[in-house]
Amino acid sequence: MAVTAKAEYRAPSDILQEEITRLRLPKEHTAELVSPSVLVGTWVNVDHATRDIVRLVIEAAGNEINVHGFGACTPTPCDWGKTPGMVYSSNVASTAAVAFTAMYNFGFKQATLTGHLFEGALVVESYNHFTDNSGRDDYFTLDVMAK
1 MAVTAKAEYR
11 APSDILQEEI
21 TRLRLPKEHT
31 AELVSPSVLV
41 GTWVNVDHAT
51 RDIVRLVIEA
61 AGNEINVHGF
71 GACTPTPCDW
81 GKTPGMVYSS
91 NVASTAAVAF
101 TAMYNFGFKQ
111 ATLTGHLFEG
121 ALVVESYNHF
131 TDNSGRDDYF
141 TLDVMAK
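Numbering (the numbering used here), first residue to last: 1 to 147.
What the hints contain is simulated information worked out from the structure, not anything from laboratory work.
Each hint should be verified, as a subset may be incorrect.
[What the hints assert, rightly or not] If you anchor each label on the Cβ, the simulated ranges turn out as follows:
#1 PRO77 to LEU117: 21 to 29 Å
#2 GLY120 to THR83: 21 to 29 Å
#3 LEU33 to GLY81: 22 to 30 Å
#4 LEU117 to GLU18: 39 to 47 Å
#5 GLU119 to THR95: 16 to 24 Å
#6 THR141 to PRO75: 31 to 39 Å
Predicted model only: the values in this text are computed from it and were never measured.
All residues carry an ideal CB built from backbone N, CA and C; glycine is no exception.
Work out the full structure, taking the sequences as your base and the hints as a guide.
The structure is reproduced here in structure tokens:
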């Protein structure tokens with residue numbers, strides 16, 4: 001035989017579900033995660049003579065991403081390696097990713113990448129901050145990429 005406490009002796013958390021039902025309140029909203037699928041793939045700089053980012057490979061990592069960057073070096077692009085990134089939708093109710101951020105730490109500088117979709121292209125901004133006390137000025141670049 002189950003022992004049930006009188007209503008006046010129950011904690012509010014014990015009666016919460018009953019009150020939600022009694023008051024006909026909407027069910028608790030379960031947030032949907034932003035899907036990175038539209039960002040996933042190999043993105044190549046449309047400026048083949050760029051001295052910035054030549055290629056980004058974006059992979060899904062659950063509902064986030066890994067970003068594998070390649071910079072302009074000779075004779076082959078510099079492999080920046082993979083770094084985790086975060087994805088963003090266009091508004092609080094949307095679940096499709098339209099933008100991302102990722103950070104690289106190269107030891108001598110930190111690079112923060114932001115990217116957003118625009119008319120089928122990926123517009124990537126790079127904010128570069130030198131950490132090596134070299135006196136070099138921090139700088140910004142903007143690249144347009146296509147799949």
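These are the hints, each one checked on the structure:
{"no.": "1", "hint": "PRO77 to LEU117: 21 to 29 Å", "result": "holds, 23 Å"}
{"no.": "2", "hint": "GLY120 to THR83: 21 to 29 Å", "result": "holds, 25 Å"}
{"no.": "3", "hint": "LEU33 to GLY81: 22 to 30 Å", "result": "holds, 26 Å"}
{"no.": "4", "hint": "LEU117 to GLU18: 39 to 47 Å", "result": "holds, 46 Å"}
{"no.": "5", "hint": "GLU119 to THR95: 16 to 24 Å", "result": "holds, 21 Å"}
{"no.": "6", "hint": "THR141 to PRO75: 31 to 39 Å", "result": "violated, 22 Å"}
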